[in-house]
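There are 2 protein chains.
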Amino acid sequence: MSKDASTTYDVVAIGNAIVDVLSKTNDDFLGFNSINKGTMTLIEADQAETLYAKMGPGMEMSGGSAANTIAAIASFGGKTGYIGKIANDQLGSVFRHDIRAMGVTFDTPPLDSGAPTARCLILITPDAQRTMCTYLGACVWISPTDLDEEMIRNAKVTYLEGYLFDRTRAKQAFKKAGEIARAAGRKTALTLSDPFCVERHRDEFRDLVKNNVNILFANEAEILSLYRAKNFDEAVYQVRQECEIGVLTRSAQGSVIVTKDEMIEIKAAPVHRVVDTTGAGDLYAAGFLYGYTNDMPLEKCGELGALAAAEIISHIGARPQTNLSELIRTHAIAAKA
Amino acid sequence: MSKDASTTYDVVAIGNAIVDVLSKTNDDFLGFNSINKGTMTLIEADQAETLYAKMGPGMEMSGGSAANTIAAIASFGGKTGYIGKIANDQLGSVFRHDIRAMGVTFDTPPLDSGAPTARCLILITPDAQRTMCTYLGACVWISPTDLDEEMIRNAKVTYLEGYLFDRTRAKQAFKKAGEIARAAGRKTALTLSDPFCVERHRDEFRDLVKNNVNILFANEAEILSLYRAKNFDEAVYQVRQECEIGVLTRSAQGSVIVTKDEMIEIKAAPVHRVVDTTGAGDLYAAGFLYGYTNDMPLEKCGELGALAAAEIISHIGARPQTNLSELIRTHAIAAKA
Numbered sequence: 001m002s003k004d005a006s007t008t009y010d011v012v013a014i015g016n017a018i019v020d021v022l023s024k025t026n027d028d029f030l031g032f033n034s035i036n037k038g039t040m041t042l043i044e045a046d047q048a049e050t051l052y053a054k055m056g057p058g059m060e061m062s063g064g065s066a067a068n069t070i071a072a073i074a075s076f077g078g079k080t081g082y083i084g085k086i087a088n089d090q091l092g093s094v095f096r097h098d099i100r101a102m103g104v105t106f107d108t109p110p111l112d113s114g115a116p117t118a119r120c121l122i123l124i125t126p127d128a129q130r131t132m133c134t135y136l137g138a139c140v141w142i143s144p145t146d147l148d149e150e151m152i153r154n155a156k157v158t159y160l161e162g163y164l165f166d167r168t169r170a171k172q173a174f175k176k177a178g179e180i181a182r183a184a185g186r187k188t189a190l191t192l193s194d195p196f197c198v199e200r201h202r203d204e205f206r207d208l209v210k211n212n213v214n215i216l217f218a219n220e221a222e223i224l225s226l227y228r229a230k231n232f233d234e235a236v237y238q239v240r241q242e243c244e245i246g247v248l249t250r251s252a253q254g255s256v257i258v259t260k261d262e263m264i265e266i267k268a269a270p271v272h273r274v275v276d277t278t279g280a281g282d283l284y285a286a287g288f289l290y291g292y293t294n295d296m297p298l299e300k301c302g303e304l305g306a307l308a309a310a311e312i313i314s315h316i317g318a319r320p321q322t323n324l325s326e327l328i329r330t331h332a333i334a335a336k337a
Numbered sequence: 001m002s003k004d005a006s007t008t009y010d011v012v013a014i015g016n017a018i019v020d021v022l023s024k025t026n027d028d029f030l031g032f033n034s035i036n037k038g039t040m041t042l043i044e045a046d047q048a049e050t051l052y053a054k055m056g057p058g059m060e061m062s063g064g065s066a067a068n069t070i071a072a073i074a075s076f077g078g079k080t081g082y083i084g085k086i087a088n089d090q091l092g093s094v095f096r097h098d099i100r101a102m103g104v105t106f107d108t109p110p111l112d113s114g115a116p117t118a119r120c121l122i123l124i125t126p127d128a129q130r131t132m133c134t135y136l137g138a139c140v141w142i143s144p145t146d147l148d149e150e151m152i153r154n155a156k157v158t159y160l161e162g163y164l165f166d167r168t169r170a171k172q173a174f175k176k177a178g179e180i181a182r183a184a185g186r187k188t189a190l191t192l193s194d195p196f197c198v199e200r201h202r203d204e205f206r207d208l209v210k211n212n213v214n215i216l217f218a219n220e221a222e223i224l225s226l227y228r229a230k231n232f233d234e235a236v237y238q239v240r241q242e243c244e245i246g247v248l249t250r251s252a253q254g255s256v257i258v259t260k261d262e263m264i265e266i267k268a269a270p271v272h273r274v275v276d277t278t279g280a281g282d283l284y285a286a287g288f289l290y291g292y293t294n295d296m297p298l299e300k301c302g303e304l305g306a307l308a309a310a311e312i313i314s315h316i317g318a319r320p321q322t323n324l325s326e327l328i329r330t331h332a333i334a335a336k337a
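Chains as they are written, first to last, in my numbering: chain Z, 1 to 337; chain S, 1 to 337.
Possibly wrong hints are sitting among the right ones.
What the hints assert, rightly or not - Stretch-level coverage of chain Z by chain S, calculated; a stretch enters the list once three of its residues show a Cβ under 8 Å from a Cβ in chain S:
1. 57-63
2. 84-91
3. 94-106
4. 315-325
No lab work stands behind these hints: they were computed from the structure. Beta carbons: idealized from backbone N, C-alpha and C, even for Gly.
Kindly generate the complete structure, drawing on both the sequences and the hints.
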C-alpha cells in the first residue's frame, strides 16, 4: 500500500447520492406508520410525500452511506473521490457543495430532467436509533457510463455501497467499478449496508465477497444474514474462509477485524451521550480505510474507525462536525497505537 | 386580552420566509471575505453563489426571524399563523413543511416563477456568534395582496419583522398588516431585527414605534441605534415615552421590560454551553408573546422569553428542538412565577 507517483486517491467511493432529512420522533410514530425501526426501507415518490407530510420539522444534511464515509476520510486528511448521481436541483446543489467543501473530488454529471435528487427521511427516536425511509430519485439513473474509470484506476481502494444493488443500472455500475479496480491491481471494499438489503441480494453478495472483495464491512445483523448464521462466531468463521479482511461492527460492544491469520477485537470509543446513531457504520468504515490506505496496522485502523463512529453518534447527522485529523491528534492513545 | 369566540389566533407573524444554511467557520474566514461579524448583510444571487462555494459543508434548516418566533410560539402551545413568500421549489417545500409541522397555519401562495426561495448563509464562529448573509430571493415578491386579512383581524397580536422594510413591496405589506390589525382593535408588535436594518430605516421605524406599535422588541445595539442614544439608560427613557411596552434584550445580561409605569429586569436563563446564538432574539420574542397573549404578567412573559432563548442557543439552528410547552412544565420556577 505504499504511495507511488501514479496513486492519486486513497479511496474512491461509489454510492447513492442522498440528502438526509433528519427529524426527531417517537416509537409510536413508527408503529402507526408501520415502519421497521432501525432499518432502511425503500419508498416511492408518493410514499415519500405522504410520510414527509406527517413528519415533524426536519433538518437537511448531505448523506448517503458511501458519501458519508468518503467525506469523513477527507476529514481525516485522505485524498478522496466520489461517484454518485444527483439531479440538477436545489438538493443536488446542496449535496455537491457539501461533499466538495470537504475536499472530495465529485464530478459525476447530474441528471438533467426527470427524478429529483434522492432523499432519505431519517426518523430519530429518543433512544438515538435512526430509522430510514429512502426515496432514490435520481440515484436510480446512475449507470456504468457515469464511472470515472481513471479515478478508479488511481485509487488504492474502491469502496462500494451494498445499497447500489437495489437497482439494476446501479448494480451494473457497481460491478464494473469493481472490475476496473481489480484490473488495475487495486483493492475493493464493500459494505453490506443493511440486513434487509442483504436479504434481497444474499446470493450475489456471497459470490462477490468470495471472489471480488478484499475488505468487507458489516454489522452483526448483516453478517448473520449474509451467512444465515446461527450466531456471531459462526459468521466470523465464514468470513475468515472467504474474505481477505472482514471488519465486523457490533455497536456498543465494539468491533472485530478478522483475516485468515488474525482476529483483533477493538473496543468502542467512549461517548458522553449518544444523540443519533445515523452514520455510525459509515464513519467506522472511514476511520478504518483512512488507516488502511495509510499503511497502519489493522488494530490502529479499527481504533480510528471506533473514534470516528464515536464522533458521529454524539450529534445529529452523518457528516463529521469535527475535523477528524485534529481528533486523531487529541486522542494520543489511538495515534500512538 | 381575554379569549372570545372571534379570536382564532394568539399571534400572526409576517416576515421573510427563509431557509438557513448553517455552517461552522472561523474569524479568519469572515475577515478574508469582509463580512461584518454578528450582523445580517443582504447579498445578491451571485454573491450568494460565490460565498456558498467558499463555505464549508452546511446544514439546512427553516429560518426567517418572524417565522422562528411563530414556530416557537406554536411549540409553547399558542395558536399561530404566518405570512411570508416562498418560491415553488425544493427549499420552499422545506420551509412550508417545517412551519406547518409545528402547527402553524401558513397558506401564502408561493411565487411560481422567477426568484428561488430565500436563503440565509449563517456562519457560526467558535465563540457561538452567528453572522448572516441573506439572499432574499422570492421574499422580495411579497405584496399587500398576499396578506390574509381575516387571519390578521383574528389575531390578538400581529408581529412584524423589521427586515421586511428592506424592500418596498414588503414594506407596503408590513404597513397594511399593521393597519388591518389596528382597525380590528388588535395589538401590533415589531422587532427591529438588526442594527444595520435600523440604520437603513431609522426615521420610518421611529414614526412607526411612536404611532403604530404596541410592543417593541429590540436588542441593545438596535435600540441605541434607533434613538442614537449615548447609553442604554437614555434609550430606555426614550422607549418609555414612545411605546406601550418595550422589550429590550441584552444577551447574557438578561432583559428589561418597560412601560410608562413599570421597569422589570429579567435575568438570562442558565445555559450549559452556548453553541449557536442564531435565533436568540426570535425565541425571546416567542416566549414573551406566548405569555402576553395568555394573559400572564409581564415578568412571567420575560421569564418565558429568557427560557426559550436559552433553549435555542444550546444547539445549532433557530427552531426549537424541545417541545417548549414541556420546557415550561419542567421549569417550575418560571411556571409558578
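Which numbered conditions among the earlier hints are violated in the structure presented, ordered from lowest to highest? Going through the list in order, the structure violates no hint and respects every one.
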